[in-house]
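Chemist: Please construct the entire structure, taking both the sequences and the accompanying hints into account.
If you read the protein sequences in the order shown, they are chains A and B.
Its first residue numbered 1, the first sequence is counted upward by one per residue in the working numbering.
Its first residue numbered 279, the second sequence is counted upward by one per residue in the working numbering.
These are calculated hints, taken from the structure and not from any lab test.
Be a bit skeptical, because a hint or two may be false.
As the list claims (entries may be wrong) - Cut-off 30 Å, straight-line C-alpha distance, at most; resulting in silico cross-link-like pairs (DSS-like, lysine-lysine):
| id | chain 1 | residue 1 | chain 2 | residue 2 |
| --- | --- | --- | --- | --- |
| 1 | A | Lys23 | B | Lys380 |
| 2 | A | Lys5 | B | Lys655 |
| 3 | B | Lys723 | A | Lys43 |
| 4 | B | Lys874 | B | Lys851 |
| 5 | B | Lys383 | A | Lys39 |
| 6 | B | Lys395 | B | Lys383 |
| 7 | A | Lys39 | B | Lys671 |
| 8 | B | Lys426 | B | Lys415 |
| 9 | A | Lys43 | B | Lys380 |
| 10 | B | Lys851 | B | Lys415 |
| 11 | B | Lys380 | B | Lys290 |
| 12 | B | Lys290 | A | Lys37 |
| 13 | A | Lys37 | B | Lys829 |
| 14 | A | Lys136 | A | Lys23 |
| 15 | B | Lys829 | B | Lys851 |
| 16 | B | Lys383 | B | Lys410 |
| 17 | A | Lys157 | A | Lys132 |
| 18 | B | Lys383 | A | Lys152 |
| 19 | B | Lys851 | A | Lys273 |
| 20 | A | Lys249 | B | Lys851 |
| 21 | B | Lys913 | A | Lys152 |
| 22 | B | Lys323 | B | Lys395 |
| 23 | A | Lys37 | B | Lys379 |
| 24 | A | Lys37 | B | Lys284 |
| 25 | A | Lys273 | A | Lys170 |
| 26 | B | Lys671 | B | Lys874 |
In this text, all values refer to a predicted model and were calculated from it rather than measured experimentally.
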Amino acid sequence: MDFYKPSSLPDLFEIISRLEGRKYFLAGGSDINVQIKNKIITKEPVVYINHLDELRGVRDDGDQIVIGALTSYHDLISSPLLLKYIPFLSEALRYFASPPLQNMATIGGNLANGSPTADITPLLLVLNAELKMMSKSKLRIIPLNGFYTGYKQFDMKYNELIGAVIISKKATSGYRSYYRKVGSRRSLTIAKLSLAGLKKMSGEQIVEIRLAAGALNEYPRRLARIEDYLTSRIRSELDWQEIESLLSKEITPITDLRSDSEYRYQVCLNLIKQFVLD
Amino acid sequence: MSSARKFDARPKVAGTYRFLDDYNNIEMMHGLLFYARFDHGIISKIHLPPDFNLNEFTIVHASDIPGQNLVPEPVADQPFMADKEVIHFGQIILGIAHHDKKTLKDFSEQIQVEYQKQPATTDIKQCLEDEKNCFGKEILINHNFTPKSDPGCTYLHKVYYTPHQEQAYLETQGMIAIYDDQKKSMFIQGTMQCPYFVKEAVETIMGSAIRQVIVETSEGIGGAFGGKEDFPNIIAGIAALLSYKSGKPVKIVLDRSDDIIITTKRHPARIEIESWTDRISGKIRKLTVDYRLDAGAYQTLSPVVLARGVLHSFGTYNIEEAQIRGRLFRSNTPPNGAFRGFGAPQAIFAIESHIDHIARELGIDLADIRRINLLRKGDEMPTTQIIQEDHIKECLETVISWSDYYNKKARFEEFNHTHSDKKGIGLAIGFHGGGYTGNGEKILKSEVKITIDKDELVKIYVANTDMGQGAYTTLAQIVSEALSYPLSKTIVEIPNTDKAPNSGPTVASRTIYIVGALLQNLAYKINAEIPDNNLSSYIKNHPGQFPREWKLQFQPDPDIRFDDNTYQGTAYKDYSWAACVVEIYYHCQIYQIEVKNIWNVLDIGRPVNRKIAEGQVEGGNIQAMGYALTEFFYKPGFGRMHGFTDYILPTAFDIPEINIEFINTSSPIAKGLGEIPMDYPAPAILNAAQHALGRNFYELPLTPENIFQVLKSSHNTKIAQEDN
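Modeler: Here it is as structure tokens:
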């Protein structure tokens, strides 16, 4: 396994355009180091990037908030900008990981690791967050919603890097927000499932709703069929059997050491109901 | 009641206190335990990986053992290392040492074991169901039991299950062995509860190959909870063998996943109870208990756990007719071992849950059913031991009024009528016999030593270890108070079998109760020998008389008898008593119980150090909460847990309000404390859950998934949606 430490951002792009095939970017190390230890990563080159401060920090950019990929969870939690514009994200972040992990783990690393249980992804999905993908010669902005294509599969080229996450300052204005992480305990827990939601109501009518679930599919995903069904309906006239059958097409919960498929399915339904009817 | 600060708190926080892995020397080799990854099989060949220089490694196998390949235990049936046959996952096959830790790990990961697979029992529930898995000596207590049924009684027959529990000490198991070829002596240093057990184990495996074994603990022992009672024997034995063969010091420190996979756990239990209760008075007339433990693949110390479990299985109740049966069951899983409570948490869980089911069946309040049946002064236990005190009644009444039990119960029921989330309040009582069971202390004959130096230091020599529970502070405090001598000049020496007499193992809530009492009496003896009753000035005035040494040995009370065959007599001279109320909140959306409040009222006699005593109660409560709600080690179809990602311990955020009160604090006796706070909270949580949900539960842990299954089976899947 070869290690690289670029001297600068241009040097980084130089290195990664030169190295062929899959490579891993080592930022906070909270996932990569474990994967190296457990021999999941054995041959691929590892490029250290955590010293490239250009990729760090939460910045005010007009009507957008731009979060550098190397921004740690600690920095996200303590960001006044996030607290001001997306307070529900700031609040939710407090229950992620332990303080040592919050200090080390980065938002870019979390997204690029592509874990089905990643806590932040459902939140960013309902916020319609975008990713700034960077390479030596190209910069492209893509919706996070299209980034994952399968279990640890991404719309990302081998010479690309997630540079930043972009969220509109108005992402939640006019919306009611919802987030619930269901774990085995209150902190230091891997989600059995999670649900994030935003909704806009006009009286009893659901004008717009976004729902994203974590730990229920190969990657965190928007529940598009349910969103479609709910949109513009009157809350009291919903057919919950229909929603239940749509949900069964939308999620594929598994049974593992941590939880059971049936439980995950039922709780997901309970949470959707709680949010929609609340 | 003083609250002297734990002297080790500061150095532990500062990181200067030394735990086992902090001891190093240049010569030292790293050792590793290579273990079976299958449940049952006959080994035909072990293939060592080809790409390594074998000369750099020291490898030991059962055939290298100069002494006996049997770990000394109450039933010595477990080999240090498997020879041909492996009968449980995690059974040690080889000990391997190398100078480089990483090379050692790479090497061991590439070893291939060829074996013929044999049938294995790994599903614990199935194992405990099938009587053909029964092994070892059965315990039977019959107290006036007549099988004829009583028409005025309600008959209730239930089966209760409890799971494995992992001790989850912060510092994993570890041992250093240093062989001296010239003296033919073996020095062992490690993280352990019982230095003299380790000494015997090393003597057993090494046989006549060596002349002397000295065992010393590391300065700090990072938790144990029973997990370092017997497993250290095995690591010490293999480390000694590796050091003997290599001629180098060898250090084995288990990594977390190995530690979780191969070391002992709390015994899973299946406890079947039948009761006949008078419909009018609520008095339990008859009781039968069938108490079964999964011992794992070997008996080891399980018979002793079984004994304590059986002796706590009738609870704190006065029952005229009782029949209690205790049996061990064999499975192809690692031997289970000691864990805080030692059979009692399982027993008390079952009996306390059963009492609740009786109360619900008869429509009697949970507090009242206990009042009606409580063991009172003058009552006889099924063992014929006569109760000498009414402290359990005082604990119960105090906790009921202090927690505002009746008002809360009514308020919660009102809340539950109008909310889909639910509140519940539960009650449980418990007891725990201090010290070794039956004739154990008589046989142990513990001895303690105190020396006083010219430099005015009072040194305490015991074989009991401080694994974080504060024993060294508390023991020093006992001596310092008895001698009226400054605590700062009273110290407990790190246990070393060459210096400290055998004061017995650090188990069974006996360190303060037995060893502390011995030290107190020895200190009084010293006082009596110092004429002017002022130790400080006496030492100054009589320097010629120091250093001086005093010893004292345990003298059993001649009036106390226990029959090891019939289990009749005094099983424990002194019991600690406790009552507990638990308040929970049930989150209906996610089927999850949150413990909000725990009230403990305990009679532990005199709490020597109030802060340390409270710490023990808090820790025990939290461990019991994990036992009740989240911890399980084995899931059928998915195997066993490998680490703390999946084995769910409570964290600081999960800890409820814990309220603690001690009664009977002016007692001259400091009774057992370490275990009792683990014994009773789990059934209190369970019966709070029953109160909240109106459903009966019989099995731990009450994970959301298990609660969901129970509710679903009662055709109640829509419970979360009812009132939305």
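Chemist: None of the hints should be skipped; say for each whether it holds.
Modeler: Verification of the hints:
With a CA separation close to 24 Å, the supplied pair Lys23 of chain A and Lys380 of chain B stays within the 30 Å bound. Between Lys5 of chain A and Lys655 of chain B, the direct Cα distance comes to roughly 76 Å. Violation of the 30 Å bound is thereby established for this hinted pair. In summary, the hint linking Lys723 of chain B to Lys43 of chain A is not supported, as the alpha carbons are separated by about 61 Å, beyond the 30 Å threshold. As the CA atoms of Lys874 of chain B and Lys851 of chain B are separated by approximately 35 Å, the hinted pair breaks the 30 Å bound.
Between Lys383 of chain B and Lys39 of chain A, the direct Cα distance comes to roughly 12 Å. Compliance with the 30 Å bound is thereby established for this hinted pair. Taken as a hint, the Lys395 of chain B and Lys383 of chain B pair is honoured in the structure, with Cα atoms around 26 Å apart against an allowance of 30 Å. Using a Cα cut-off of 30 Å, the hinted pair Lys39 of chain A and Lys671 of chain B is violated, with the two alpha carbons roughly 59 Å apart. A hinted pair counts as satisfied when its Cα atoms are at most 30 Å apart, and Lys426 of chain B with Lys415 of chain B qualifies at roughly 28 Å.
For the hint pairing Lys43 of chain A with Lys380 of chain B, the CA-to-CA distance comes to about 18 Å; that is within 30 Å, so the pair holds. A C-alpha spacing of about 24 Å is found between Lys851 of chain B and Lys415 of chain B, which places the hinted pair at or below 30 Å, so the restraint holds. For the hint linking Lys380 of chain B to Lys290 of chain B, the alpha-carbon distance of about 28 Å falls within 30 Å, and the restraint holds. Taken as a hint, the Lys290 of chain B and Lys37 of chain A pair is honoured in the structure, with Cα atoms around 28 Å apart against an allowance of 30 Å.
Distance restraint check for Lys37 of chain A and Lys829 of chain B: the Cα-Cα separation of roughly 52 Å exceeds the 30 Å cut-off, and the hinted pair is therefore not satisfied. Our distance criterion of 30 Å between C-alpha atoms is met by Lys136 of chain A and Lys23 of chain A, whose separation comes to about 15 Å. About 24 Å separates the Cα atoms of Lys829 of chain B and Lys851 of chain B, which keeps this hinted pair within 30 Å; it holds. For the proposed pair Lys383 of chain B and Lys410 of chain B, the alpha carbon gap of about 40 Å is over 30 Å, so the pair is violated.
Proximity of Lys157 of chain A to Lys132 of chain A is assessed by CA-CA distance (about 13 Å); at most 30 Å being required, the pair is judged to hold. A hinted pair counts as satisfied when its Cα atoms are at most 30 Å apart, and Lys383 of chain B with Lys152 of chain A qualifies at roughly 29 Å. As the CA atoms of Lys851 of chain B and Lys273 of chain A are separated by approximately 58 Å, the hinted pair breaks the 30 Å bound. Our distance criterion of 30 Å between C-alpha atoms is broken by Lys249 of chain A and Lys851 of chain B, whose separation comes to about 64 Å.
The hinted pair formed by Lys913 of chain B and Lys152 of chain A meets the criterion: a straight-line CA distance of about 27 Å does not exceed 30 Å. Proposed proximity of Lys323 of chain B and Lys395 of chain B is supported: the alpha carbons are some 13 Å apart, at most 30 Å. Distance restraint check for Lys37 of chain A and Lys379 of chain B: the Cα-Cα separation of roughly 14 Å lies within the 30 Å cut-off, and the hinted pair is therefore satisfied. Using a Cα cut-off of 30 Å, the hinted pair Lys37 of chain A and Lys284 of chain B is violated, with the two alpha carbons roughly 37 Å apart.
Of the pairs offered as hints, the one joining Lys273 of chain A and Lys170 of chain A holds, with about 26 Å between alpha carbons and a cut-off of 30 Å not exceeded. With a CA separation close to 25 Å, the supplied pair Lys671 of chain B and Lys874 of chain B stays within the 30 Å bound.
Comparing the model with each earlier hint shows violations of hints 2, 3, 4, 7, 13, 16, 19, 20 and 24; every other hint is respected.
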